[in-house]
Amino acid sequence: MSRSYILHRGALPGAAAGAVGGLALGAAMHQMGMLLTVASLIRSASVEAGFAVIVFIAVILGAGFGMLVCRQRLETGEMLFWGLTYGALWWFLGPLTLAPLLQQGGAAWTIGSAQASFSSLLGLLWYGAVTALAYAAIGPRVSRERARVTAGTFVGGMLAGLAGAWLLGGLVGAQARWLGDARLGHLSPHPMGPLLPEIGILAGGAFALLYPRLRDGTGPTLIRGTAFGFFCWIVGALTVLPEIEGMGLAWSLDAARGRFPLLPAFLLFGAVVAVLYRWLTAAAALLFLDNIEARDEEGVGTRGLRAVGRGALGGLIGGLVFTIIMVRIGVLPIIGQIVGASSPWSGFIVHLVIANIIGATFGLLFLGRSVDIGSAVGWGVSYGFFWWILGPLTLLPILLGTAPRWTADVAGALIPSLVGHLAYGAALGVTFYLLEARHNPWWISHSEADSIRVERRREQVLTSAPALWALVIVVALTLPVVLTCGMPPAPSGYSMSSRGTGYGRDGPDTRLQLPGGPSTAYGSAGGTTSCGQGAPGSGAPHQP
Amino acid sequence: MNAAAGYSIRRDLRNGAIAGLVAAVVPVLSLAIHGGTSMPISEGGAWPLALAAAQLLLGAVLGAAYGALFSGQPDSSAAGLSTGLLYGLLWWILGPLTLVPLARGRIPGWSLEEAAAAFPSLIAYLLYGAALGGAFDLVTRAAARGHPDVPPAPSPAGGPHIVILGGGFGGVSAAQRLERLLARDHTARITLISQSNYLLFTPMLAEVAASGLEPQHISAPVRAALERTEFLRADVEKIDTAAQVIWLGASGPADPIHYDQLILALGSIPNFHGLPGLEACAFTLKSLDDATRLRSHVIGLLERADVEPDPAERRRQLTFVVAGGGFAGTEMIAELRDLVHSVRRFYRRVRSDDLRFVLVHAGARILPELNPALAAYAQRKLEVRGIEFVLNARIAAARPDAVVLTQGEELPARTIVWTAGNQPHPLLRGLPVEKNGGGAVIVDRTLRVPGASNVWAVGDCAQVPDAYREGGVCPPTAQHAIREGTVAADNVVAELHGNPLRSFRFRTIGVLVALGHRTAVAEFRGVKFSGVLAWFMWRTVYLAKLPGLEKKVRVALDWTLDLFFPRDIAVAAAGPILVDGRRGTEHTGAHAAERSSR
Numbered sequence: 083m084s085r086s087y088i089l090h091r092g093a094l095p096g097a098a099a100g101a102v103g104g105l106a107l108g109a110a111m112h113q114m115g116m117l118l119t120v121a122s123l124i125r126s127a128s129v130e131a132g133f134a135v136i137v138f139i140a141v142i143l144g145a146g147f148g149m150l151v152c153r154q155r156l157e158t159g160e161m162l163f164w165g166l167t168y169g170a171l172w173w174f175l176g177p178l179t180l181a182p183l184l185q186q187g188g189a190a191w192t193i194g195s196a197q198a199s200f201s202s203l204l205g206l207l208w209y210g211a212v213t214a215l216a217y218a219a220i221g222p223r224v225s226r227e228r229a230r231v232t233a234g235t236f237v238g239g240m241l242a243g244l245a246g247a248w249l250l251g252g253l254v255g256a257q258a259r260w261l262g263d264a265r266l267g268h269l270s271p272h273p274m275g276p277l278l279p280e281i282g283i284l285a286g287g288a289f290a291l292l293y294p295r296l297r298d299g300t301g302p303t304l305i306r307g308t309a310f311g312f313f314c315w316i317v318g319a320l321t322v323l324p325e326i327e328g329m330g331l332a333w334s335l336d337a338a339r340g341r342f343p344l345l346p347a348f349l350l351f352g353a354v355v356a357v358l359y360r361w362l363t364a365a366a367a368l369l370f371l372d373n374i375e376a377r378d379e380e381g382v383g384t385r386g387l388r389a390v391g392r393g394a395l396g397g398l399i400g401g402l403v404f405t406i407i408m409v410r411i412g413v414l415p416i417i418g419q420i421v422g423a424s425s426p427w428s429g430f431i432v433h434l435v436i437a438n439i440i441g442a443t444f445g446l447l448f449l450g451r452s453v454d455i456g457s458a459v460g461w462g463v464s465y466g467f468f469w470w471i472l473g474p475l476t477l478l479p480i481l482l483g484t485a486p487r488w489t490a491d492v493a494g495a496l497i498p499s500l501v502g503h504l505a506y507g508a509a510l511g512v513t514f515y516l517l518e519a520r521h522n523p524w525w526i527s528h529s530e531a532d533s534i535r536v537e538r539r540r541e542q543v544l545t546s547a548p549a550l551w552a553l554v555i556v557v558a559l560t561l562p563v564v565l566t567c568g569m570p571p572a573p574s575g576y577s578m579s580s581r582g583t584g585y586g587r588d589g590p591d592t593r594l595q596l597p598g599g600p601s602t603a604y605g606s607a608g609g610t611t612s613c614g615q616g617a618p619g620s621g622a623p624h625q626p
Numbered sequence: 006m007n008a009a010a011g012y013s014i015r016r017d018l019r020n021g022a023i024a025g026l027v028a029a030v031v032p033v034l035s036l037a038i039h040g041g042t043s044m045p046i047s048e049g050g051a052w053p054l055a056l057a058a059a060q061l062l063l064g065a066v067l068g069a070a071y072g073a074l075f076s077g078q079p080d081s082s083a084a085g086l087s088t089g090l091l092y093g094l095l096w097w098i099l100g101p102l103t104l105v106p107l108a109r110g111r112i113p114g115w116s117l118e119e120a121a122a123a124f125p126s127l128i129a130y131l132l133y134g135a136a137l138g139g140a141f142d143l144v145t146r147a148a149a150r151g152h153p154d155v156p157p158a159p160s161p162a163g164g165p166h167i168v169i170l171g172g173g174f175g176g177v178s179a180a181q182r183l184e185r186l187l188a189r190d191h192t193a194r195i196t197l198i199s200q201s202n203y204l205l206f207t208p209m210l211a212e213v214a215a216s217g218l219e220p221q222h223i224s225a226p227v228r229a230a231l232e233r234t235e236f237l238r239a240d241v242e243k244i245d246t247a248a249q250v251i252w253l254g255a256s257g258p259a260d261p262i263h264y265d266q267l268i269l270a271l272g273s274i275p276n277f278h279g280l281p282g283l284e285a286c287a288f289t290l291k292s293l294d295d296a297t298r299l300r301s302h303v304i305g306l307l308e309r310a311d312v313e314p315d316p317a318e319r320r321r322q323l324t325f326v327v328a329g330g331g332f333a334g335t336e337m338i339a340e341l342r343d344l345v346h347s348v349r350r351f352y353r354r355v356r357s358d359d360l361r362f363v364l365v366h367a368g369a370r371i372l373p374e375l376n377p378a379l380a381a382y383a384q385r386k387l388e389v390r391g392i393e394f395v396l397n398a399r400i401a402a403a404r405p406d407a408v409v410l411t412q413g414e415e416l417p418a419r420t421i422v423w424t425a426g427n428q429p430h431p432l433l434r435g436l437p438v439e440k441n442g443g444g445a446v447i448v449d450r451t452l453r454v455p456g457a458s459n460v461w462a463v464g465d466c467a468q469v470p471d472a473y474r475e476g477g478v479c480p481p482t483a484q485h486a487i488r489e490g491t492v493a494a495d496n497v498v499a500e501l502h503g504n505p506l507r508s509f510r511f512r513t514i515g516v517l518v519a520l521g522h523r524t525a526v527a528e529f530r531g532v533k534f535s536g537v538l539a540w541f542m543w544r545t546v547y548l549a550k551l552p553g554l555e556k557k558v559r560v561a562l563d564w565t566l567d568l569f570f571p572r573d574i575a576v577a578a579a580g581p582i583l584v585d586g587r588r589g590t591e592h593t594g595a596h597a598a599e600r601s602s603r
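Note that the protein sequences, when read in sequence, are chains A and B.
Just so you know, the first sequence maps onto residues 83 to 626 in the numbering used here.
Just so you know, the second sequence maps onto residues 6 to 603 in the numbering used here.
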């Protein structure tokens, strides 16, 4: 690809899009009163100067964005996730590295700095999303494959959104009842409460606008929807809803912590909206289109059953990897409580069965979607993260007879489980890919049909799939840590004090002690969660 | 693009290591700025330069691993950056959160505190990963400059061409093994030539003839079973082992096909030993066509018998003779009996007294390959069900209205099924290699055909020495053919790579014989089973062995439905096939074609 192409189709439209993103970011920072801080970079005390600096930096970053993504498939929906990932990357590179390096001569790679810069993370995500959408609108038109938004797809999106909103209402209602938090009250308790239909219709319609033609199967769509749910959390829970409430942007660390319970709800909401939309559009295509070429894939009955077997085997191996962590944190007896047993061995069996079932669903959902180890790990880790939200944060407490509790401290207590789910997903994805690639590996094309299939798979990487994987793992590893550290311990009788993962019916008999004793427990005995550097038991390297 | 230039692990490792060195600038800069490190080499007191060198080395090693694992990314900086970021964060979990505590003698807890304490290294790993992915993309693109950005052409010339003749158990298992062994060698070509485009699961053929299974359900399309192998449905006219070429008949390409390695898996055809009338009058059981025609014939005879006024003729129509008391013959007579008895109630004028089922066998007992006790059980069981056994007798001739035994006795019957002899494919007669008395190609222990270079033979068309019995030969069974195909493929690849060949060593795992109506006998390495348990084992084992998941499901459904509904008596043909003593040319042609495919 020539330099001229990168300049004219990447850098220049990217710079223009960056300017749009800069305006959006500048407006947000103005509302938060942060422009003076930015102005201090050029030793000025003027808001206008701060705004100009923001736009200037935004234009440069936008040019970089354009150069980076000009080879990708330039569709609005695909660009959105590239923008979010780009924004997240610049949070690590900018406020945590380059800015302190220039100002203080050293990077600020501590948890405290990350917490202090949390609003910058949201700002950069906001900037990345706006820049990406602007780039999709004004970017190069030659290679753009623009799918038409029909009334049918739009209605499909809104229907999916309404259904997702019903789920969202139920989930948030349960949270609000448990937390007794009035700020969540307007979304609950009735499933179709005052704002829920609007949220569902807006989100579903937006998803349909972003993806008038979903090429992915259900599995990648599920991950896409989860990431879309994260975007909805930022736009809805942290930006628009607080504005409606007259509270201004909820981009501060404390505000985001307060609205953390809405994050898993929005992630599940996004996943449900995306999957329902995918199924509705697929059903419509099945009923109203006669596109034989689009149905050249083999049915679920042939390769699907084999995929279930391969997925189950992958799930078994992933489950064994996960078992190491489960044994370490002593959670197996709690898993056993799902079937009314309390011995670790019962928990181990239940855990393996669940791992098998989830692995089998992975096989069905991600059949033929792994082009190499990279995408195998990407989809696997993303699916593992999704199941962390759906499993230990949501279904496990329900199965144990309690309501899901999605506060930041609970998420922090479940970080070992998160690591386990990510490891499980990675092992599952890689095993499934290796089993799938035993015959006819993707890099060899033996016939024209195979060549087409190989090209189609490789096309996947040119979509926003890699951005999705990166975004999911950044969100998974960063948000719980950054939002949880320094918080007061969880409510009495819950995770921190139980020294376990926090589940179990009331009563001390269901609480577990970590094998390592209190010093390795999730929470401190004091007033806040201990996240200081050099925490006991930590083998991690430290910054000076 | 890596695929453009072919798969090379060495090149990917090298490119990855270079990218890793470039990306390692992140932890090294961190070292320079802070005097510490954020990558997992951070023991205090080390000389800073040594620490920096260690960081670079670690960066290169992780980069090389990235190159090996993530080499399939297309030209895309954004994709490279994202997957690199993913890779970096996974190493953060594996490194600072897992391996470093272990190296320091602590059990990792992956807790919030540990994650928070390792947060600086999270940023280092994240930025290192992103830089690594981006750099790897640039390095790969620079290295591949000049290579066209297209997938490799299918089967490029220059590689070895392996041809397999025959689409039975031996041929298909050889092709599947070759696909696996040569998965990463895109220069090699594999071609399978067969007259039928499906792999017939012969153990269930008798059930098809008895209307218990649908014909297509026991035949797996070869094209579906083989993803890479080129398939040609054609007759083979001639094999020239000196020039290493094969000529195909009119149904195939006109040009001869050159081979570098040839695997003969042509199977066998029925051998009537020149007995008069048999070829014209007898049904065989080697193909789907044989089975469906036999079924149509039997049901057609029942239709005729139902309106036949002459009692003698009716008895003749309702007498079914099977020649050969081996596995195929025994299963066939049992299934025929089941078919006729299960549908007899539809034919109100057909009395059970008129029905006669006769098994003619040259030996003193049926199932000579089986343990005598089990064979006796089988005979007893079938006798109770009304099957007659004519032992120590041979067929001398066959007419449309009778079967003549060597003793001179005549059995008035309009149905004779021949399972009493097979011979290797006639194409082998023209090969200038050593053959046994039956016409099978004699191979050595490695399945190579002596006297012909680069030719191997498996299955019914080969005489394979038995490694466990000095001077013995392997029986022509499916379980042997499948393993022979695998070993032949192994040896073909070993030959191509100059590696030592392996000998074929296989001992029969067991035998299973279905006796109809939920009864069977089985023997596994000396352990005997009979009755319902053996019948259940028969169904389980053969269902598991049936190629193709879809076919398994279909057969399982057939069997399940068979438990609740009567067998189907609908036939396309208007009447019995052999009433006038001659089969149509269509049948004969198809019959011959199927025979030669085996």
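Because the hints were derived from the structure by calculation, they are not lab data.
Treat each hint with caution, since some may be false.
Which bits of chain A does chain B cover? Going by a derived footprint, with three or more residues having C-beta under 8 Å, they are [to be verified]:
#1 191-199
#2 321-328
From chain A, some residues computed to sit far from chain B (all C-beta separations above 10 Å) [claimed, not checked]:
#3 E157
#4 T405
#5 G460
Ideal Cβ placement from N, Cα and C applies to all residues, glycine included.
Okay, the hints, checked on the actual structure:
no. : hint    : in the structure
1   : 191-199 : holds (count 4)
2   : 321-328 : violated (count 0)
3   : E157    : holds (14 Å)
4   : T405    : holds (14 Å)
5   : G460    : violated (6 Å)
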